[in-house]
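Novice: Sequence:
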Amino acid sequence: MRAKRTSLIHLIYFSRSQLSADAQARMRELGEIARQAQKKNEFAVITSFLIMEQGHFLQILEGERTSVQETFARISGDGRHREVQIVEWREIAKREFVTSFATAVRTPANEALFQKANLTPMLQRGTPKAASIYGLAQALHTESMSKQGIEHLFV
Numbered sequence: 001m002r003a004k005r006t007s008l009i010h011l012i013y014f015s016r017s018q019l020s021a022d023a024q025a026r027m028r029e030l031g032e033i034a035r036q037a038q039k040k041n042e043f044a045v046i047t048s049f050l051i052m053e054q055g056h057f058l059q060i061l062e063g064e065r066t067s068v069q070e071t072f073a074r075i076s077g078d079g080r081h082r083e084v085q086i087v088e089w090r091e092i093a094k095r096e097f098v099t100s101f102a103t104a105v106r107t108p109a110n111e112a113l114f115q116k117a118n119l120t121p122m123l124q125r126g127t128p129k130a131a132s133i134y135g136l137a138q139a140l141h142t143e144s145m146s147k148q149g150i151e152h153l154f155v
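Numbering-wise (my numbering), the sequence shown opens with residue 1 and increments by one.
The hints are simulated quantities; they were obtained by calculation from the structure and are not laboratory data.
A couple of the hints might just be wrong.
Cβ pair distances, simulated, as ranges [what the hints assert, rightly or not]:
1) R74 with P108: 31 to 37 Å
2) T66 with K129: 24 to 30 Å
3) Q115 with I92: 23 to 29 Å
Here are the simulated lysine to aspartate or glutamate pairs, DMTMM-like style, with alpha carbons at most 20 Å apart [what the hints assert, rightly or not]:
4) K94 with E64
5) K129 with E53
6) K40 with E29
7) K39 with E64
8) K129 with E91
9) K40 with D78
10) K39 with E70
11) K40 with E70
12) K129 with E96
Here the structure is a predicted model, which is why all the values come from computation and not from measurement.
Beta carbons are placed, not taken as given, at the ideal position from N, Cα and C, and that holds for glycine.
Go ahead and model the full structure; you've got the sequences and the hints to work with.
Specialist: Written out as structure tokens, the structure reads:
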């Protein structure tokens, strides 16, 4: 008898950041989040991409349904977030992101990508669109991979 394969899903959420207002302290806190999340995501076989944008977290989680549910439950209960809201939850055929935990923060170097995504007005109203978040994450991910000299990966 074959075991039923659990489905591969992605979940996109956004939340309001409870990190420090001080830029240096915020970057240290983000570094700590990255260290913890990378270990946990590797263990759970989760890939993810986290974007920090003007006091908001936007993240895409990918993995088996149960692993993503458990990871999202942990994130929802984390005091560094408030107003955690799921934007999209759906089955996917394959993963789009290659690392257990990658991050991007708005900087002058990637400003054009953030401007093109036009997320700030949506975040201020609390209604970001999945396609906008996903498109920005894909563009930032592609840019990051390109800078590393990686044209494409088969996942």
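Novice: Does each hint fit the structure? Answer for all of them.
Specialist: We went through each hint and held it up to the structure:
1. R74 with P108: 31 to 37 Å: 33 Å, holds
2. T66 with K129: 24 to 30 Å: 27 Å, holds
3. Q115 with I92: 23 to 29 Å: Roughly 27 Å apart at Cβ, these two residues keep to the hinted range, so it holds.
4. K94 with E64: 11 Å, holds
5. K129 with E53: 14 Å, holds
6. K40 with E29: 17 Å, holds
7. K39 with E64: 17 Å, holds
8. K129 with E91: Roughly 17 Å between the alpha carbons, so the hint for K129 and E91 holds.
9. K40 with D78: The hint holds at about 14 Å.
10. K39 with E70: Given that 20 Å is the threshold and the Cα spacing comes to 14 Å, the pair holds.
11. K40 with E70: Holds, because 11 Å separates the two Cα atoms, which is no more than 20 Å.
12. K129 with E96: 18 Å, holds
The earlier numbered hints are all upheld by this structure, with none contradicted.
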